[in-house]
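Protein chains in written order, with numbering that gives the first Met the number 0: chain W, 0 to 612; chain B, 0 to 612.
Watch out, some of these pointers could steer you wrong.
Chain copies aren't distinguished; within one or between two, either way the pair holds.
Under the rule of at most 20 angstroms between Cα atoms (straight-line distance), these lysine to any residue pairs were calculated in the SDA-like manner [unchecked claim]:
{"#": "1", "residue 1": "LYS171", "residue 2": "ASP200"}
{"#": "2", "residue 1": "LYS83", "residue 2": "ARG538"}
{"#": "3", "residue 1": "LYS327", "residue 2": "LEU592"}
{"#": "4", "residue 1": "LYS185", "residue 2": "SER326"}
{"#": "5", "residue 1": "LYS185", "residue 2": "PHE126"}
{"#": "6", "residue 1": "LYS171", "residue 2": "GLU458"}
{"#": "7", "residue 1": "LYS185", "residue 2": "GLU384"}
Calculated from the structure, these hints are not laboratory results.
The structure displayed is predicted, hence computed values, not measured ones.
2 protein chains.
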Amino acid sequence: MRTSIATVCLSGTLDQKLVAAREAGFDGVEIFEPDLVASPLSPEAIRTRAEDLGLSLDLYQPFRDFEGVGPERLEQNLRRAAAKFTLMNRLGIETMLLCSNVATARSGDEHLAAAQLRKLGDVADRFGVRVAYEALAWGRFVDDYETAARIVRLADHQRIGLCLDSFHILSKGHDPEAIETISADKIFFVQMADAPLLSLDVLSWSRHHRLFPGEGAFDLGTFMGHLARTGYDGPISLEVFNDTFRQADPFATAIHARRSLRWLEHETAASLGSGPSSRAAPMSTAMLPLVESPADVSYVELRTGDSDELRLLLMQLGFRPHGRHRSKQVELWSQGAARIVLGAPDSEHPQPTVAGIGLTVKDPAAALLRAEELFSAVVPREESEGEEPLVGVRAPDGSEVFFGADRGSVPTWVDEFGSTAAEHADLIERVDHVNLAQPWQYFDAAVLFFRAVLDLHTEASVEVAAPVGLVRSQVLRSDDGILRIALNLVPSGSGADAILPQHVAFATSDVLSLARAARERGFSPLDIPANYYDDIDARYQLEPALLDELRELNVMYDRDDAGEFLHFYTHSVGTVFLEVVERRDGYAGYGALNAPIRLASQYRHRANQGDLA
Amino acid sequence: MRTSIATVCLSGTLDQKLVAAREAGFDGVEIFEPDLVASPLSPEAIRTRAEDLGLSLDLYQPFRDFEGVGPERLEQNLRRAAAKFTLMNRLGIETMLLCSNVATARSGDEHLAAAQLRKLGDVADRFGVRVAYEALAWGRFVDDYETAARIVRLADHQRIGLCLDSFHILSKGHDPEAIETISADKIFFVQMADAPLLSLDVLSWSRHHRLFPGEGAFDLGTFMGHLARTGYDGPISLEVFNDTFRQADPFATAIHARRSLRWLEHETAASLGSGPSSRAAPMSTAMLPLVESPADVSYVELRTGDSDELRLLLMQLGFRPHGRHRSKQVELWSQGAARIVLGAPDSEHPQPTVAGIGLTVKDPAAALLRAEELFSAVVPREESEGEEPLVGVRAPDGSEVFFGADRGSVPTWVDEFGSTAAEHADLIERVDHVNLAQPWQYFDAAVLFFRAVLDLHTEASVEVAAPVGLVRSQVLRSDDGILRIALNLVPSGSGADAILPQHVAFATSDVLSLARAARERGFSPLDIPANYYDDIDARYQLEPALLDELRELNVMYDRDDAGEFLHFYTHSVGTVFLEVVERRDGYAGYGALNAPIRLASQYRHRANQGDLA
């Protein structure tokens with residue numbers, strides 16, 4: 000699959016954008032006109048620069064408000080187009096994007112539009128260029144791709160074809176299946192964007208909230224399947240207008256964008272494999288190495304300067320230490336199948352606190368290969384002789400994901416730590432979920448990374464009110480629920496990231512006994528206000544004995560259609576805390592209603608410690 | 000007018016919110032339930048705390064999903080309500096907000112809803128409390144205030160009344176005039192919020208984008224006029240859900256909120272003065288001191304560590320120095336009626352670079368009084384004997400606005416600077432506009448401040464693409480255009496504020512001659528790429544001679560329905576730059592289409608200087 004990206008997706012100067020696209024491995028770029036106009040590089044210099052970088056210049060865009068106009072304006076528009084064609088010749092760009100008219104069209108007559116496009120085709124012919132006509136979702140008369148396709152068919156000019164943009168088609172709820180009725184030689188260009196489902200006017204939605212494929216709610220695999228079945232084999236380009244990506248580092252965004260297209264290629268191949276193949280599909284697509292759901296979260300690695308405090312908490316929750324690793328500066332604590340690898344921040348792990356997640360998988364090599372094919376950076380790791388090989392990659396925020404082979408109930412690498420005693424079993428059984436706070440510039444990239452690399456599914460995102468702003472939370476999980484990762488988007492306000500810690504939640508089947516046992520070991524949980532218990536009593540009318548016990552132990556309560564959820568938190572140690580959860584009868588959530596209470600309590604606790612300005 | 004604010008408008012803990020509300024001078028607060036539930040203070044302690052602070056607790060909110068349900072759920076709901084009434088008794092709160100049912104209502108029968116509300120009224124009676132029923136804009140059956148008013152009338156219970164919320168009424172485009180048909184004793188509570196006009200689903204619009212009165216697009220003065228004519232004399236409360244305010248400093252937000260209600264009181268009084276007064280209006284409202292539009296921008300004060308560079312630029316643009324002030328560490332440069340007071344940052348003026356704006360007004364004392372009534376902090380200023388008194392206040396970002404009396408063509412304070420020579424006249428005539436970059440947490444507050452304190456009007460806001468993100472720009476202006484202030488919202492991404500400087504634009508009637516004269520004095524303007532001139536040529540088909548001259552002098556061009564705009568920029572000096580503009584034939588804009596080119600050029604220039612990481 001040939002890949003391209005519009006320069007508008009990336010921040011910085013045009014030159015920075017070109018270099019970032021090249022470094023991420025894109026084959027080409029679309030030149031977004033404002034980026035060219037603002038550049039001090041001449042068109043010829045841009046052409047040379049792209050050639051030197053090995054990038055093709057696939058599209059010049061956008062040209063607006065051409066068709067459906069009166070004769071006088073048509074003449075003006077043809078002159079305007081000729082000026083752009085001259086420019087395209089200087090750039091060496093063959094294809095120009097023409098958006099359907101939003102401003103100056105007086106008529107929606109398809110024959111008129113086709114006749115005017117034919118005239119445009121004649122001018123384009125003089126310059127040896129071609130025009131890709133795109134139905135904008137908010138076009139004045141032409142706002143769906145089937146109309147645009149009819150007009151192009153009527154124009155019947157070799158220089159006039161279509162541009163298909165997934166956003167304009169799917170945002171309006173149009174069925175992409177009719178793409179298959181379009182002749183491949185009339186599809187001049189394809190732009191792909193994902194988006195969250197919003198009830199916003201489609202122009203604002205398009206201009207501010209597009210996402211890279213795999214980060215939103217559109218079914219782009221099916222879309223691509225229809226496209227491939229036409230026989231289209233041109234570039235698949237990203238045109239993603241997004242307020243966050245406009246601010247983020249362009250080199251990181253370009254990698255993130257490239258990953259989304261690789262994932263999309265996989266989805267396309269999967270879609271083609273299953274759907275009816277009405278025509279040959281010359282578009283080269285390749286599946287990613289398939290990976291099965293992790294059998295286990297084999298460990299979570301925490302890096303903190305407050306290890307002593309964390310050790311105490313682990314001990315109070317019933318964890319036991321295994322001692323230091325034989326060759327690395329980390330130690331292991333475990334209980335049941337829950338394992339915490341504890342280390343201090345160092346130059347390789349400056350942040351975040353949840354520095355890594357270890358997964359037990361059937362085929363670590365396949366998992367690594369999939370991650371590498373998704374443009375993940377491999378974490379260099381040295382193993383001494385006789386140590387279990389672990390392979391891993393870096394998530395967008397710098398944390399690590401490691402894959403180890405499934406070798407029975409206890410990973411063999413456990414023996415690399417001081418104590419070789421059998422693992423200690425108590426009330427905690429395993430890791431339930433891991434919560435990774437993400438800075439604003441990594442959130443969408445992290446959603447894509449975990450979804451694509453680990454083949455996870457996204458649950459509906461929720462918003463949680465914290466004393467420092469709204470926190471958006473997105474859970475990704477494996478089908479069987481063995482792996483659940485909650486990504487929290489830290490409010491962008493200055494300093495807010497300092498007070499949104501990350502956390503690990505452990506699963507137990509008896510949280511009340513565990514809380515009681517922990518208390519006997521001196522544990523003091525995060526304080527939950529008495530008002531909270533009055534509130535859940537009013538809401539759920541709990542058994543008085545249960546309510547008393549919850550209150551006494553600072554255990555929180557939630558309920559969904561399936562069952563109940565009981566959970567408690569530790570205080571934060573630096574920027575990390577721990578949680579213990581009990582899911583009764585298939586409760587599927589994470590206690591989102593309780594999260595604001597927890598955030599407020601943590602905020603007060605830090606304020607009391609004087610950590611807040 | 001009695002004022003109140005919902006705790007949800009402010010960030011922080013409940014206690015911080017109460018203190019912030021008190022410090023801003025609110026009479027009372029609404030307790031937003033999640034704030035209470037998350038608080039470690041008991042209801043009794045909250046009551047005492049509010050009493051100690053002199054705040055009334057005006058409303059407990061929200062209670063949801065009560066009416067229109069089946070008999071079994073009704074019993075549950077009545078029990079749930081009784082628990083909340085118990086809590087309200089402990090808090091000493093008399094009124095509870097009941098939102099119209101969005102989830103559990105099975106019937107929209109108004110008689111059924113009224114009968115159920117009557118039962119709720121009976122329970123409320125036992126606790127001595129009352130219920131204010133509000134039609135949510137997204138209520139399942141009840142989504143407009145007239146329906147809610149009919150249900151309350153049918154319920155016919157002294158403990159059951161209405162809550163009116165401007166957002167729920169105006170967001171749906173409902174006419175607020177029918178408020179006048181409601182009996183004042185049935186209006187238990189009033190919540191005011193402004194909002195920008197968005198085509199977003201009303202729930203998301205309400206939860207994320209409300210603004211304080213005066214910051215959005217709603218006609219709240221007219222709304223308040225209708226309300227006052229009912230005879231309502233209860234609290235006017237702010238309930239503003241806003242993602243930014245949730246993150247901002249609660250003390251600054253509370254002042255900002257209090258200012259909005261004082262402005263609203265003024266608008267109400269103005270509305271009552273002009274409309275038909277069908278009933279007595281006991282709501283005490285007071286106009287603000289009226290101020291006329293400034294006669295002149297008498298000076299702009301710049302504080303920068305790079306004064307030498309700025310002096311050179313001013314000289315090249317034809318300004319002449321007057322010398323140092325006789326008692327203050329600032330100097331004056333002028334040309335025509337454009338005056339720049341130049342100083343260095345000091346402890347009183349650490350930032351921003353555009354440290355102050357001096358306005359010539361008819362009555363400085365009235366202008367100051369208006370600003371003070373709008374809760375503006377007065378700037379302490381010492382005058383030595385014989386110096387012109389200037390009075391001023393601080394804008395939300397810390398910059399200053401000073402008022403001086405109109406004493407003819409040249410302000411008398413000019414004589415306080417070294418040279419007493421007559422002012423030097425050249426091609427620059429006056430200040431055209433001032434552009435103040437605002438950090439994210441001050442933007443809306445700044446819109447309200449300038450609009451209310453200086454009685455300016457807002458123009459439509461625009462978004463401009465910069466290499467570091469989208470910049471939202473909002474112009475405020477006096478009717479006659481003498482004073483124009485553009486507020487730019489800096490993208491929130493880290494570090495972006497460092498590269499969005501502020502600027503002063505000067506008006507001339509011959510920008511080309513001025514640019515040429517400046518060049519003869521060694522001036523080198525901000526580089527504008529050749530691609531830009533090719534683009535405007537394609538767009539406007541300019542006279543070749545004019546195009547050549549623009550290109551040669553790095554002058555930019557724009558056009559609107561009225562006329563033409565020619566302008567050029569200086570390089571940035573620290574975080575400030577200068578612009579010279581020529582408005583031909585009543586051009587009313589600011590060259591928004593050219594702003595991205597300028598921002599990209601500034602970005603490159605700083606990158607070349609190595610200012611960027």
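Hints, verified against the model:
{"no.": "1", "hint": "LYS171 to ASP200", "result": "both (11 angstroms within a copy, 15 angstroms between copies)"}
{"no.": "2", "hint": "LYS83 to ARG538", "result": "between (65 angstroms within a copy, 10 angstroms between copies)"}
{"no.": "3", "hint": "LYS327 to LEU592", "result": "neither (40 angstroms within a copy, 57 angstroms between copies)"}
{"no.": "4", "hint": "LYS185 to SER326", "result": "neither (62 angstroms within a copy, 76 angstroms between copies)"}
{"no.": "5", "hint": "LYS185 to PHE126", "result": "within (19 angstroms within a copy, 74 angstroms between copies)"}
{"no.": "6", "hint": "LYS171 to GLU458", "result": "neither (23 angstroms within a copy, 31 angstroms between copies)"}
{"no.": "7", "hint": "LYS185 to GLU384", "result": "neither (60 angstroms within a copy, 82 angstroms between copies)"}
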